[in-house]
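Taken in sequence, the protein lines are chains A and B. In terms of this note's numbering, the first sequence is residues 1 to 89. In terms of this note's numbering, the second sequence is residues 1 to 564.
Hint data in this document are derived by calculation from the structure and do not stem from the laboratory. Remember, predicted model here, so these are calculated numbers, not experimental data. Where is the CB? At the ideal position from N, CA and C, for every residue including glycine. There may be inaccurate statements among the hints.
Claimed, not checked - Derived coverage of chain B by chain A (criterion: at least 3 residues anywhere in the stretch with Cβ under 8 angstroms from a Cβ of chain A; other residues may be distant):
1. 114 to 120
2. 125 to 139
3. 459 to 468
What the hints assert, rightly or not - Heads up, simulated BS3-like pairs for lysine-lysine below, C-alpha to C-alpha not over 30 angstroms straight-line:
4. Lys2(A) x Lys311(B)
5. Lys515(B) x Lys65(A)
6. Lys65(A) x Lys195(B)
7. Lys63(B) x Lys81(A)
8. Lys65(A) x Lys203(B)
9. Lys311(B) x Lys81(A)
10. Lys311(B) x Lys79(A)
11. Lys287(B) x Lys2(A)
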Amino acid sequence: MKASLTMLVRQQLGCLERILRVVRHRGFTINDLSVTPDALANHYVMTLSVESSRGINLLTNQLVKLFEVEELTLDSGQKVKGVNYAKSA
Amino acid sequence: MNGSQYLVNALEANGIKTLFGYPGGAIMPVYDALVDSEIEHILCRHEQGAALAADGYARSSGKLGVCIATSGPGATNLITGLANAYLDSIPVLAITGQVASGLIGTDAFQEVDILGMTFAVVKQSYLVEDVNDLPAIINEAMSIAVEGRPGPVLIDIPKDIQLNRIQTPVVQPSNVSHQQSIHSTASQVSELEVKTVLELLAKAHRPLAYVGGGVGIAEAESELRSFLQSSQIPAVSTLKGLGATGNYHLNLGMLGMHGLKAANFAVQECDLLINFGARFDDRATGKLNQFAPNAQVIHFDTDVAEVNKLKAAYVGVIGHLKSSLERLNQSFHQMQFDNARWIAWSNWCYEQKEAHAWQYEKPGDVIYAPRLINTLSNMSCSNAFISCDVGQHQMWVAQHCQFEQQRFHLSSGGAGTMGYGLPAAIGAQLAHPNAVVINVCGDGSFAMNIQELMTLKRYSLPVKILLLDNSSLGMVRQWQHLFFKDRYSEIDLSDNPDFVRVAEAFGLVAKRINKKADEKEGLRWLLQQDSPALLHVVIDSCENVWPLVPPGASNCDMLEEKLK
Numbered sequence: 001m002k003a004s005l006t007m008l009v010r011q012q013l014g015c016l017e018r019i020l021r022v023v024r025h026r027g028f029t030i031n032d033l034s035v036t037p038d039a040l041a042n043h044y045v046m047t048l049s050v051e052s053s054r055g056i057n058l059l060t061n062q063l064v065k066l067f068e069v070e071e072l073t074l075d076s077g078q079k080v081k082g083v084n085y086a087k088s089a
Numbered sequence: 001m002n003g004s005q006y007l008v009n010a011l012e013a014n015g016i017k018t019l020f021g022y023p024g025g026a027i028m029p030v031y032d033a034l035v036d037s038e039i040e041h042i043l044c045r046h047e048q049g050a051a052l053a054a055d056g057y058a059r060s061s062g063k064l065g066v067c068i069a070t071s072g073p074g075a076t077n078l079i080t081g082l083a084n085a086y087l088d089s090i091p092v093l094a095i096t097g098q099v100a101s102g103l104i105g106t107d108a109f110q111e112v113d114i115l116g117m118t119f120a121v122v123k124q125s126y127l128v129e130d131v132n133d134l135p136a137i138i139n140e141a142m143s144i145a146v147e148g149r150p151g152p153v154l155i156d157i158p159k160d161i162q163l164n165r166i167q168t169p170v171v172q173p174s175n176v177s178h179q180q181s182i183h184s185t186a187s188q189v190s191e192l193e194v195k196t197v198l199e200l201l202a203k204a205h206r207p208l209a210y211v212g213g214g215v216g217i218a219e220a221e222s223e224l225r226s227f228l229q230s231s232q233i234p235a236v237s238t239l240k241g242l243g244a245t246g247n248y249h250l251n252l253g254m255l256g257m258h259g260l261k262a263a264n265f266a267v268q269e270c271d272l273l274i275n276f277g278a279r280f281d282d283r284a285t286g287k288l289n290q291f292a293p294n295a296q297v298i299h300f301d302t303d304v305a306e307v308n309k310l311k312a313a314y315v316g317v318i319g320h321l322k323s324s325l326e327r328l329n330q331s332f333h334q335m336q337f338d339n340a341r342w343i344a345w346s347n348w349c350y351e352q353k354e355a356h357a358w359q360y361e362k363p364g365d366v367i368y369a370p371r372l373i374n375t376l377s378n379m380s381c382s383n384a385f386i387s388c389d390v391g392q393h394q395m396w397v398a399q400h401c402q403f404e405q406q407r408f409h410l411s412s413g414g415a416g417t418m419g420y421g422l423p424a425a426i427g428a429q430l431a432h433p434n435a436v437v438i439n440v441c442g443d444g445s446f447a448m449n450i451q452e453l454m455t456l457k458r459y460s461l462p463v464k465i466l467l468l469d470n471s472s473l474g475m476v477r478q479w480q481h482l483f484f485k486d487r488y489s490e491i492d493l494s495d496n497p498d499f500v501r502v503a504e505a506f507g508l509v510a511k512r513i514n515k516k517a518d519e520k521e522g523l524r525w526l527l528q529q530d531s532p533a534l535l536h537v538v539i540d541s542c543e544n545v546w547p548l549v550p551p552g553a554s555n556c557d558m559l560e561e562k563l564k
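Using the sequences and the hints, build the whole thing.
Pasting the structure below:
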């Protein structure tokens with residue numbers, strides 16, 4: 001199963017390592033990765049293409065729990081708010 | 001005011017009364033600030049002991065546990081404790097000293113990248129880069145640790161930041177009480193979800209509640225009991241869920257690898273499994289595709305990532321368990337639900353419970369550990385805290401003790417950390433100075449954090465240690481016997497020291513028993529002590545934990561003791 005996802009990430013020390021660690025640990029390999037600063041101050045836009053034998057929800061449900069992940073969009077267009085979005089916004 | 005003084009003031013202002021820690025070079029400014037503080041600092045004798053004591057403090061009270069260590073090895077020694085708290089969802093705040101900012105990345109003395117090393121075992125973590133960030137970081141860290149699904153949070157503070165002058169020295173306490181916040185996650189239970197749950201219940205003939213540690217963490221025990229009493233649905237518990245159902249007569253006990261037969265049979269037979277705050281852990285489910293094979297699943301959980309992670313749920317109810325259960329109870333009562341359809345099922349479950357009740361008679365005059373543990377449970381008061389280490393004794397406690405609330409049972413469930421029990425008991429005793437706190441341990445686990453006997457003595461904590469000594473690493477021995485053709489490898493501890501003399505050397509009172517006839521008298525002696533005490537219990541080195549579901553097998557394929 002292949003999937004692409006885009007995340008709005010709050011810039012905080014270690015935030016990219018934290019996200020990549022979750023991707024690896026939950027059983028997904030990365031085929032493509034880009035990180036660019038967002039127009040919104042102190043934020044990145046991170047786009048990932050991933051592959052795994054596991055369902056993508058097993059990854060996205062873990063990613064949206066990370067404090068820095070404010071919004072996640074799947075290639076289907078489905079948007080998921082980060083669990084802690086309200087607090088960090 | 002410098003950063004260290006601000007940190008200590010902020011902890012005080014947020015209601016932190018106890019810290020567990022160990023000083024060292026890179027955390028000295030904080031220890032200097034502690035001199036002028038009313039916070040009670042408990043000097044543990046190893047940073048792992050400090051982290052696990054903070055876990056025991058938090059787990060037994062629901063309050064945030066705080067531990068503190070220096071950089072380098074001080075920080076790395078905390079990691080096992082953080083992993084333990086992470087896997088069991090316990091709110092712990094860890095504060096570490098770091099080398100000065102300019103030295104980070106130069107391989108300085110006692111420098112490790114603790115931020116990088118702990119990503120996998122914390123809910124969130126911070127390296128403070130500017131002293132003026134401290135107020136926001138401290139408040140955010142404390143909130144994150146206790147809110148939603150609780151967990152550990154780390155703040156790493158370079159030494160220069162600890163010494164730098166802060167611009168806003170007035171402490172602004174966080175809005176969070178640092179008691180696990182009951183309604184922090186607004187219930188998102190929708191009408192549709194409740195309707196679906198009730199429809200599934202209306203169709204079910206054999207419903208079963210599967211109760212996990214999330215119930216106690218959410219302080220939803222009374223709501224769960226209300227649901228069970230009014231529905232008369234039988235229940236099984238995970239290791240961490242023990243105690244949540246109180247003395248509910250249709251509680252069938254622990255399920256899983258060392259679960260009770262009635263509990264495992266019920267899971268196999270049910271047609272509707274209602275999961276309250278459990279996570280389909282492999283030790284509970286056995287072979288997953290044969291777990292509750294005939295059941296539809298309803299999953300109540302605070303954490304969205306747990307629903308459909310391992311077992312598909314027909315309906316997932318995401319939200320704080322207390323709120324979700326309140327809502328369920330409300331709807332259930334309004335419907336005046338007719339549960340006649342599953343009365344026969346409930347009766348069958350109860351009959352299984354009776355038919356497979358534990359037998360405590362054992363020939364010979366050696367001490368039979370399950371009977372001893374059950375006697376301990378019967379003799380100690382109902383609000384005694386029992387902390388365990390990890391191994392056979394841990395399973396005997398889970399099988400043979402009755403708990404009125406989850407918080408009375410302190411057991412390392414997810415991480416399975418040997419050496420947890422003694423520091424956890426220290427934390428629990430400090431959180432509940434007047435309570436009876438008992439640490440049940442094995443001879444292997446006891447040695448893992450034996451240095452904390454000094455902490456017991458220093459602070460005169462009347463923790464009661466029940467040491468079950470089978471002169472081996474019993475659980476490993478059992479597995480080598482069953483699954484490795486008796487090829488015993490590094491499990492022999494027959495050269496253990498004289499544990500009574502060891503305990504006495506640390507300043508405890510201690511006594512040994514080794515005969516069946518001494519079981520009650522020994523326990524009575526232990527429970528009567530009002531100072532730190534140890535009862536050394538010599539048990540049969542070949543005693544095993546039964547039943548046992550072999551790894552990878554279905555829960556209905558339980559191995560049982562072969563009677564000689």
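Run the distance test for Lys287(B) versus Lys2(A): straight-line Cα separation, threshold 30 angstroms.
28 angstroms, holds
Compare the distance between the alpha carbons of Lys311(B) and Lys81(A) with 30 angstroms, and conclude whether the hinted pair is satisfied.
At roughly 24 angstroms apart (the allowed maximum being 30 angstroms), Lys81(A) and Lys311(B) satisfy the hint.
How does the segment 114 to 120 of chain B fare against chain A when you require at least three residues with a CB closer than 8 angstroms, holds or violated?
holds (count 4)
Check whether the Cα positions of Lys311(B) and Lys79(A) lie no farther apart than 30 angstroms.
24 angstroms, holds
Does Lys65(A) pair with Lys195(B) here, judged by a C-alpha cut-off of 30 angstroms?
Holds, at roughly 28 angstroms.
Quickly compare the C-alpha distance for Lys2(A) and Lys311(B) to 30 angstroms and report which way the hint goes.
Given pair Lys2(A), Lys311(B) holds - Cα atoms ~22 angstroms apart, limit 30 angstroms.
Check whether the Cα positions of Lys515(B) and Lys65(A) lie no farther apart than 30 angstroms.
53 angstroms, violated
At least three residues with a C-beta closer than 8 angstroms to a C-beta of chain A: is that true for the segment 459 to 468 of chain B?
It is violated, with 0 qualifying residues against the three required.
Need the status of pair Lys63(B), Lys81(A): alpha-carbon distance at most 30 angstroms?
Holds, at roughly 29 angstroms.
Would you check the hint for Lys65(A) and Lys203(B), treating anything up to 30 angstroms between C-alpha atoms as holding?
35 angstroms, violated
Do three or more residues of the segment 125 to 139 of chain B come closer than 8 angstroms to chain A, measuring C-beta to C-beta?
holds (count 4)
Comparing the model with each earlier hint shows violations of hints 3, 5 and 8; every other hint is respected.
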